[in-house]
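Participant: Assemble the whole structure, with the sequences as input and the hints as a guide.
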Amino acid sequence: MIDLDWLHEAALLIPLTGLLGLLVGSFLNVVILRLPRRLEHEWRLQARELLASEGDAEAPPPDLVFTGSHCPQCKHRLSVFDNIPLLSWLALRGRCRYCKASISWQYPLVELLTALASTTIACKFGLGWPLGAGLAFTWILIAAAGIDARTQLLPDQLTLPLLWLGLLLTLVPLFVSPSAAIVGAAIGYLSLWSVYWLFKLATGKEGMGYGDFKLLGALGAWMGASALLPIVLLSALVGAVVGGLVLALRGQDRSTPIPFGPFIAAAGWVWFVFGDRLGEFYARLFGLQ
Numbered sequence: 036m037i038d039l040d041w042l043h044e045a046a047l048l049i050p051l052t053g054l055l056g057l058l059v060g061s062f063l064n065v066v067i068l069r070l071p072r073r074l075e076h077e078w079r080l081q082a083r084e085l086l087a088s089e090g091d092a093e094a095p096p097p098d099l100v101f102t103g104s105h106c107p108q109c110k111h112r113l114s115v116f117d118n119i120p121l122l123s124w125l126a127l128r129g130r131c132r133y134c135k136a137s138i139s140w141q142y143p144l145v146e147l148l149t150a151l152a153s154t155t156i157a158c159k160f161g162l163g164w165p166l167g168a169g170l171a172f173t174w175i176l177i178a179a180a181g182i183d184a185r186t187q188l189l190p191d192q193l194t195l196p197l198l199w200l201g202l203l204l205t206l207v208p209l210f211v212s213p214s215a216a217i218v219g220a221a222i223g224y225l226s227l228w229s230v231y232w233l234f235k236l237a238t239g240k241e242g243m244g245y246g247d248f249k250l251l252g253a254l255g256a257w258m259g260a261s262a263l264l265p266i267v268l269l270s271a272l273v274g275a276v277v278g279g280l281v282l283a284l285r286g287q288d289r290s291t292p293i294p295f296g297p298f299i300a301a302a303g304w305v306w307f308v309f310g311d312r313l314g315e316f317y318a319r320l321f322g323l324q
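Using this note's numbering, the first residue of the sequence shown is number 36, and each one after it goes up by one.
Everything labelled a hint here was simulated from the structure, so no lab data went into it.
No residue lacks a Cβ here, since even glycine has one placed at the ideal position from N, Cα and C.
Hints should not be assumed to be uniformly reliable.
[Stated by the list, open to error] Simulated restraints, written as ranges between beta carbons of each label pair:
#, residue 1, residue 2, range
1, 245, 316, 18 to 28 Å
2, 47, 105, 28 to 38 Å
3, 85, 233, 24 to 34 Å
4, 51, 196, 44 to 54 Å
5, 292, 212, 30 to 40 Å
6, 261, 144, 29 to 39 Å
Facilitator: Structure below.
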């Protein structure tokens, strides 16, 4: 048996979790950039098969694990020293070593965000199964939010595993009971599904995507139905403020679609970590205690 008692020390667990978060954040960048392209490639192949359409064979995009990283501009394969999370970007001053093209801020931001969020989870739970589950929850949300922000797509490959994992964890249970998770998942999905159809019937337009329904259903599976209203209110508030600022900075009008998934994911993560404290603050603020 391997003795892991030393990991119970916060002074060791938290920085190690942060280091793990940096490494995972580097992989999440790969997922955010490559998964949508691979899905689009699969959809085109399926469309050709259904339509019996003939066309030139299309090379598949790079996979998520085995294909090495390369510069998107000069296509030069990156060395190990070019792929050190956060440090490589800082050392290269945000430019490719080979062609000097600018490297997107997405790379260090996702890595830093993943590290900070991971250490927060470690601070909350300490060493144990809740820590592992909380890290998986965090990493999937970051990947899903990043993809939605870039492509306005919330892939089933992320939202559905998050939903099923939340339901399966109730067999232990770690966070909520099985009944609370099932009810939470159902209400989470059906609430936004109902809003979608009411808005579509009233305006003839689609106000959100099906991925948003599945994401909120997954959050309900992890935290129960009682967390859904605060998550929706928080995501709507932050979405209105941040979305308005983004549109203003880009010089776009309010008719420009803005992905809602990143705000649901952020609000869900905040409530997962700080929901008990936020609930107590709300109760004290309105004299409910």
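Participant: Now tell me if each hint is right for this structure.
Facilitator: Status of each hint after checking the structure:
{"no.": "1", "hint": "245 / 316: 18 to 28 Å", "result": "violated, 34 Å"}
{"no.": "2", "hint": "47 / 105: 28 to 38 Å", "result": "holds, 36 Å"}
{"no.": "3", "hint": "85 / 233: 24 to 34 Å", "result": "holds, 32 Å"}
{"no.": "4", "hint": "51 / 196: 44 to 54 Å", "result": "violated, 25 Å"}
{"no.": "5", "hint": "292 / 212: 30 to 40 Å", "result": "holds, 37 Å"}
{"no.": "6", "hint": "261 / 144: 29 to 39 Å", "result": "holds, 32 Å"}
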